[in-house]
Amino acid sequence: MKNINISIILIFSVFFCNCKKSFLDAKPSTEIVAPSSLSDLQGLLENTSILNTCSPALPIMASDDYIFVDYTSWLTTTTKTERNSYIWTKDLFNGENARPDWNLGYKGIFYCNSILETLPKIEVKADKQAQYNLIKGWASFLRAYILYDLVQSFANAYDPNTASTDLGLPIRLKAGVDEIVDRSSLQTTYDQILSDLTEAENLLGPTLSVNGNRPSKASVYALFARIYLSMRNYPMAEKYADLELTINSKLIDYNILSKTATAPFTTNNDETVFYSNAVTGAYNTILPHSINTAITVNPELTGLYRPKDLRLSIFFGTNASTGRLYFKRRNTADLRTFSGLATNEIYLIKAECLARRNLITDSMDWLNLLLKKRFAPVDYTATSATSQADALTKVLQERRKELLFSGMRWSDLKRLNKEGASITLVRTLNGTTYTLPPNDPRYVFPIPDDEISASGIQQNNR
Amino acid sequence: MKKSTIYIVMATLCLFSNVKAQVKTITIKGRITDEKGFPISNATIKVKESKTLTVANGKGLFELNNIQLGTNIIISSIGFKPSEIHNIQTDEFLNVHMLTEDKGLEEVQIVSTGYQNIPKERATGSFVLIDSGLLNRKVSSNLLDRLDGVTSGLIFNKNKLSSNTSDISIRGRSTISSNTNPLIILDNFPYDGDLANINPQDVKSITVLKDAAASSIWGSRAGNGVIVITTFNGTYDKKPVISLNSNISIGDKPDLYYRPQLTNQQFIGIEQFLFDKGAYNSIINNGYGALSPAVEIMLSNRTGAITSAQKTIMLDSIASFDNRKDLSEYYYRKSVNQQYQLSVNGGGQNNKYYISLGYDKNLANTVINNNDRLTLNVNNTTDLINNRLELYTGVLFSSTNNNINGQGYQPRYPYERIADQNRNALAVTDGILRLPYIATAGNGKLLDWQYRPLDEIQNAYSYENVKGTDYRINLGINYKIIPDLKFSVNYTYNKGMIDDQLNRTLASYYTRNQINTFTQISPTGVVTYPFPLGNILNNFSSTYFSNYGRGQLGYDKSFNKKHVISALAGFEIKDYQSSISRVNLYGYDEGTATNKNGTINPTVLYPYFYGASSAMINQGNSNSGTTDRYRSFYANASYTFDNRFILSASARRDESNLFGVSTNQKGVPLWSGGFSWNISNEKFYKSSLITFLKLRATFGYNGNINKSVSAYLTAMSFAGYINGFAQQYLEIQNPPNPSLKWERVKNLNLGVDFASKNSTITGSVEYWIKDGLDLIGATPIAPQTGITVFTGNSADMRGQGIDLILNSRNLARNDFAWTSNFLFNYNTDKITSYKVKATKNSDIVGLNYIQPLEGYSYYSVFTYKWMGLDNQGKPQSILNGNTSKDYVAMTNSKNTDDLVYSGTLRPKYFGSLINTIKLKDLEFSFNLVYKLGYVYRRSSLSSTSLYSNPSGLNAYQQFDYDLRWQNPGDELKTDVPALTYPIDGTANNIYNYSSILIEKADHIRLQDIRLNYILSKKKFSFLPFSNVNLYCLVSNLGVIWRESKYKIDPDYPNGVPLPRTYAVGLKLNF
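So the protein sequences, as listed, match chains A and B.
Under this note's numbering, the letters of the first sequence match residues 7 to 468, in that order.
Under this note's numbering, the letters of the second sequence match residues 2 to 1071, in that order.
Please note that the accuracy of each hint is not assured.
Calculated Cβ distances over 12 angstroms to all of chain A for the following chain B residues [stated by the list, open to error]:
hint, residue
1, E93
2, R413
3, D500
4, R630
5, V790
6, P969
7, G986
Capping the alpha-carbon separation at 30 angstroms, the derived lysine-lysine pairs in DSSO-like fashion look like this [stated by the list, open to error]:
hint, chain 1, residue 1, chain 2, residue 2
8, A, K180, B, K838
9, B, K909, B, K836
10, B, K742, A, K33
11, B, K875, A, K86
12, B, K742, A, K180
13, A, K180, B, K841
14, A, K131, A, K180
15, B, K708, A, K127
16, A, K33, B, K708
17, A, K86, B, K838
18, B, K841, A, K96
19, A, K127, B, K742
20, A, K33, B, K496
21, B, K496, A, K86
22, A, K96, B, K895
23, B, K838, A, K96
24, B, K82, B, K121
25, A, K86, B, K558
26, A, K86, B, K886
The hints are simulated quantities; they were obtained by calculation from the structure and are not laboratory data.
C-beta atoms are modelled at their ideal positions from N, C-alpha and C, and glycine is treated no differently.
Take the sequences, apply the hints, and build the full model.
Written as structure tokens, this is what we have:
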């Protein structure tokens, strides 16, 4: 009797102890992944619909690459943001929330931070070190790329004299969503971008990946060149342009592209060193397709091309029903506006920096290398410049013709006006003329209201 | 852990040793049997003087210790007349024979929590017991259907709002986005299979646990209430009783006239109108798009192929046919359900057993579709070591077979014909391709492209077969360590498999169409089939298994005349795993079981044969699996003092593998406490009118689970997550949320149980509050974090209500009795906190359940305020307080003041009234079910569906077509807007979501009428069996009163009500 009792108690006790720790660690569904391996993290980085589609569209919509065909088209845009961007209204969003220009960028940064936070927890075997470096470099590169994109929209143009007091952006380096980060100075923001980029430079390999979304050293150099150019640090911009060109200096010969196709480019092409697009979905205004009949290409821009320029027929199509020009697309087969890094931009940076060093012939030589690929051999004539100013003007005009519908124009306007270019943007709509004078505070977009109300960070003064 | 066990055991032993030091008294033992000598288990034995109480075991044996000399005892049991034994003087063994009684209402009810069986009168919580009599009032092969209209506090959700609404709700809703299903317990453990596998005739009783005291023993899964199903087992010392159950029920065809449809003339008129407007021109121009027969005639006239006179004749000819004729003749039929069950129930001195074999065969009300089910239930209980050790073994097995026609049929035109007068199949358009196009497409090189619904219906060219197997093995050991301390171990293994094969043969339209769509014919006439020739076989299989184990110590003791202690503590473990696999085989050949999947390149875009589209041929094969694990500790105790006061307490801690939550947060402790006071047992209580009065109060917490959220960063990937560079990618699903908690439901229950003299009226009233706390909801957060809406424990809601049960014996003469059972429930719910606001009024009107408005019920209906029609027949509503026709602005407005709160989709009041009239052996009863205080949204004319695609499914079924605005001045007579072309979808939505279409749903329906007759050998000695129970039941008799003037069944405002069914059956006991 007693023995039975004891044995029962023992059985009972065994029941209690039987439960191993691992019992409750089972994954509840095979479809759920807690990113914990290198391939999981790489899977997150491969999410191009978030990480490579988050460049703000506001700079494109506020630039002068396009015009609305009439007042009604302007009135019937899907969002107020599109209307207000066009005429640089002070209250840009007019109550519209969840602006992708801000939100998607920070979503991308959240992805990067999640990856960078998980990496140290992964034990890396020797044969996986290369993948580890790729992922860490990739995430660092992306964080720099995205933050730089955001800075172009939501902060002043970089000026070394005021950068330490100018408002920068919240620098988020942790994935935790319970923490709110205040805005840093513009200097700190650029420092962060450059330090992330240096980290990426040390980790990424020199070989260009066939997958345009996967950055390499060439992408890092190209981004460095782009950033230093916008900071007006021309020697550094040229240095990195040179470094990039040692890895990839290929250009697409426009003679081999179809002039009639709606999508003449392939997404994987010779020029692209990092693939990225502006946000899509919310804004139909910048849809690069013939069905977008609300806008047409700014005649002032098309007027800059020489008549035989292949780009006229490759970049633009004529809408059969309206007879108006529409923007097809550039450097991508996707129905999106390309904002990534490509060698054509690097050639232009190189040419600009040479011009700024007063090496006029060299500058024109680099420019001509590019232009040769934009004309049929019979139509090509080399460009030359008579002075430093002439060379610079020619390079910058080519920049505008080459990097259209990408948001680059907006950064250039901010940068060049800072140097006294005195470019005033003018739009006429329904009889009213709107102007955006140089260095106007409206060159900096307001931070969306939902961000301001939820985090209390300081709004831009427009 | 080990320590705590020993502690529990020690503590209970201490209690036990205390008891030994009592004054010498007598011990009464006995055995309780019915008139035939069969033991009556669960009979209650009460000492009259001290109110000491015990319950007879399965063999009818009982034992009362420490009883004073001269005691009187009262013995009572369900279905028997109470019996009293007076002035007991010695330790004696009593043989008590109880006399059967006409089914009364005051019997002691034994409720089950799945952990223990307790007399209801000893409980503080809210239990509802549905015994087999009430369960078998209805005839259905599904068990839960039988709870409808007979269970207090339980409602069947008919007109569902969102997909996250369970079929059944117990005491309303207390979650927003988490699990809404009640927990189902089969005997000891949760049942993970499909309840359709359970044969209702194997079920002895169902206990519904409504409040915290009743259900918190089930912890984190009890938030939506618990339904405990108890199946039959054997009876000790009983000769085998064989019974045969059989019934057949026949259901009408569905009412094809319930939803109005446009007359053929009206419909053709619409088509002519649209034709004249050029609405079909783009389809006509592309050459292949589907056109209706009437439009084909109009086109022939336009091209000059036929004259206008011929056109009129031809249109009149097609207009003479009503599609409901073919539907009724070829597609629908009367449903026939048959049930058979044979069972043997008995036992010897040391064992008892129950064996049953059941077979159900159902023919659905659409042709071909049928299913059958075979169930086997065998269990045996053996007593060993002088009744100290009880071993239980049981097996439940079911096998189901479901045959479905893989191609249903729904006409596209009110005049659609699928058979000619000689019953030959006619081709109709499938809504994609034109008949003249497919007649010539491919010049004979394609497969026959015609869609002939009659062939598909009658031959089942697409044939789906679903086979299910489910079994459950139960093992149990009960060991009495000492007489009052019991140790038990239970184990259950459950396994179920479903194998679903849909074979769309090459003869089926579906397969022919798929193949033709992708077929390529080269200029030289070579035919290639990117979509392989052959059948399409869709295979879906799922398997699950679960292991449950439990170890439990139970202690029951009554001592010192006045004290009864009942306590249990245990440990439980669950491991459930399921897997799903989908395999689609193309070009499948049944004969050789081969397929041609290998010939498909899934990454290539293949052009369609017609038009300019192209598509990939995705095989869509996939596998996935889930794992559910729990580890729980629980304890439960009650203390009864002098049969006047009862204190109860219950606690449980659950730990699960809820994804990513670190171990210390995986667990959730939940508890409850209760108190009851039997006032009528107080000396001061003197009322002769209300002879029994008991007050109950309980409070506690239950939990609820949501597996879609996680505390750690999680990501997800699907087969289709491939980026533009052909790489599989992941998407972040959950941002990290280290503070995630499980949802809790705080319960308060206050109740009164009462009985009048002679139990003429008995019943209970309960008031309850259920507070859903820490509910998973959305909160807006700063977008700089990377997300804009954070899903976490941010929402709260409150439900409250009243459950009333009243049973009365209205009349009782010798051979005649009339009883009524009345159920009344009141319940409301309110979202008390929800952080995200809907972005625009159209979301509140259409989808308020996604981001519910604070201060209103989850089931609220909001509408655009109806301001009548203008003089052009256009709908008008309100924008910022002013009458408006700016439809876009009204739908996008955020000004909620413009909206009308129109009530809720859930009844505020519901219940039923069953009246039973008994004349000798004939019993007649009927059940009236009522639902009050709620609304439904009525369907009306939709110009969008009628004008945008008149041949869309059901587009010709329009309410209020004849009432539409047609001429100026009509706006004074009607609220139905004019049909407008071109379509203004937003205006249409304003009308369809306006307050004018809200109807009161209050109604009373006659759920069923039942007639029962018992023939017994006692009366008719010539009978070869001991008794037979003959019954017939008519169900779904329809609404007998409704508040609204519209003849719409508020349970089915958008569908068709359940057809009436007629059942006859018998239960034979040998």
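Given as non-interface: D500 of chain B, partner chain A, CB spacing beyond 12 angstroms: 20 angstroms, holds
Pair hint K33 of chain A and K708 of chain B, alpha-carbon separation not exceeding 30 angstroms: With Cα atoms ~11 angstroms apart, K33 of chain A and K708 of chain B stay inside 30 angstroms; holds.
Pairwise hint evaluation, K96 of chain A against K841 of chain B, where the allowed Cα distance is 30 angstroms at most: Judged against 30 angstroms, a Cα distance of about 24 angstroms means the pair holds.
30 angstroms Cα cutoff - pair K180 of chain A, K838 of chain B: Given pair K180 of chain A, K838 of chain B holds - Cα atoms ~28 angstroms apart, limit 30 angstroms.
Pair hint K742 of chain B and K180 of chain A, alpha-carbon separation not exceeding 30 angstroms: 23 angstroms, holds
Given pair status - K96 of chain A, K838 of chain B, alpha carbons within 30 angstroms: With a Cα-Cα distance of about 27 angstroms, the restraint between K838 of chain B and K96 of chain A holds, given a limit of 30 angstroms.
30 angstroms Cα cutoff - pair K86 of chain A, K886 of chain B: Status holds; Cα separation ~21 angstroms.
Agreement of K909 of chain B and K836 of chain B with the hint, judged by alpha carbon distance not exceeding 30 angstroms: 26 angstroms, holds
Pair hint outcome, K127 of chain A versus K742 of chain B [Cα-Cα no greater than 30 angstroms]: 25 angstroms, holds
Straight-line alpha-carbon gap K96 of chain A to K895 of chain B, limit 30 angstroms: The given pair, whose Cα atoms are some 23 angstroms apart, holds under the 30 angstroms limit.
Claimed clearance of chain A by V790 of chain B, with the beta carbon kept past 12 angstroms: At roughly 9 angstroms from the nearest Cβ of chain A, V790 of chain B sits no farther out than 12 angstroms, so the non-interface label is violated.
Given pair status - K33 of chain A, K742 of chain B, alpha carbons within 30 angstroms: Distance ~18 angstroms between K742 of chain B and K33 of chain A Cα, so the pair holds.
In this structure, the hints that do not hold are numbers 4, 5, 13, 21, 25, in rising order.
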